[in-house]
Structure formats: structure tokens, C-alpha cells
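The whole structure should be built from the sequences, with the hints applied where relevant.
Residue numbers for the sequence shown follow the UniProt record's numbering, so the first one is 1 and each next one is one higher.
Any given hint could be a false lead.
[Said to hold, decoys possible] Derived Cβ-Cβ restraints for the label pairs, each shown as a range:
(1) 52 with 28: 27 to 33 Å
(2) 78 with 53: 31 to 37 Å
(3) 30 with 78: 25 to 31 Å
(4) 9 with 52: 17 to 23 Å
(5) 78 with 15: 32 to 38 Å
(6) 5 with 52: 14 to 20 Å
(7) 49 with 80: 25 to 31 Å
Derived by calculation from the structure, the hints in this document are not laboratory data.
Backbone N, C-alpha and C fix where the C-beta goes; we use that ideal spot for every residue, glycine too.
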Amino acid sequence: SISFVIVGAEDHHLHFRHLIVRQILNGNYEQYGLQLSGDRYVQQTHMERDGTFSTEKEIFAAADVFKCTITIYQTDQQRWLNFKP
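Set out below in C-alpha cells:
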């Protein structure tokens, strides 16, 4: 999880999830394939709930929140993906 990567423990997972969800609610992510308003997206995906898996939208939002590039290896495509703020 992002909490483990940032602070080395899962203890802050919900705090980071709430920051990212708030970013989605306040930001414009249509350019990343989000065709719904932030409110509708969060409502339909239940992203505010612990245990809901993140998608590319949340990774883009996390890059915005933390103002950094997040690089992920996509094993099925054998390539690196960069998510930039």
C-alpha cells in the first residue's frame, strides 16, 4: 500500500486513502478516464472504504497529492508506467 511505501508501515493506510479520495473529489480526473464527477466516482466505487482496490485514477490522484512521479511495473504488459502530477 502507499502507506507502507511512504512510512514503512500499514498503520497510516486510511489516512492516505482519505487524502487521495479528497483529491479525487476536488480534482478533475476526466483526462485520466474518469467520466464521472468525483462525487459519483467515489460513490460508485466505494473508494473511501478500506479494502477497495485502487485503480489508475487513484494512482494519478496520489501523484498529485504527494507531488511526485509514481512508477509502477505492469507485469502482464512487462512495462513500467509513470504517473506524474
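Tested hints:
1. 52 with 28: 27 to 33 Å: violated (22 Å)
2. 78 with 53: 31 to 37 Å: violated (21 Å)
3. 30 with 78: 25 to 31 Å: holds (29 Å)
4. 9 with 52: 17 to 23 Å: Given about 20 Å between the Cβ atoms, the range holds.
5. 78 with 15: 32 to 38 Å: Holds, at about 33 Å.
6. 5 with 52: 14 to 20 Å: holds (18 Å)
7. 49 with 80: 25 to 31 Å: Holds, at about 29 Å.
Going down the numbered hints, you'll see the structure goes against 1 and 2, while the others check out.
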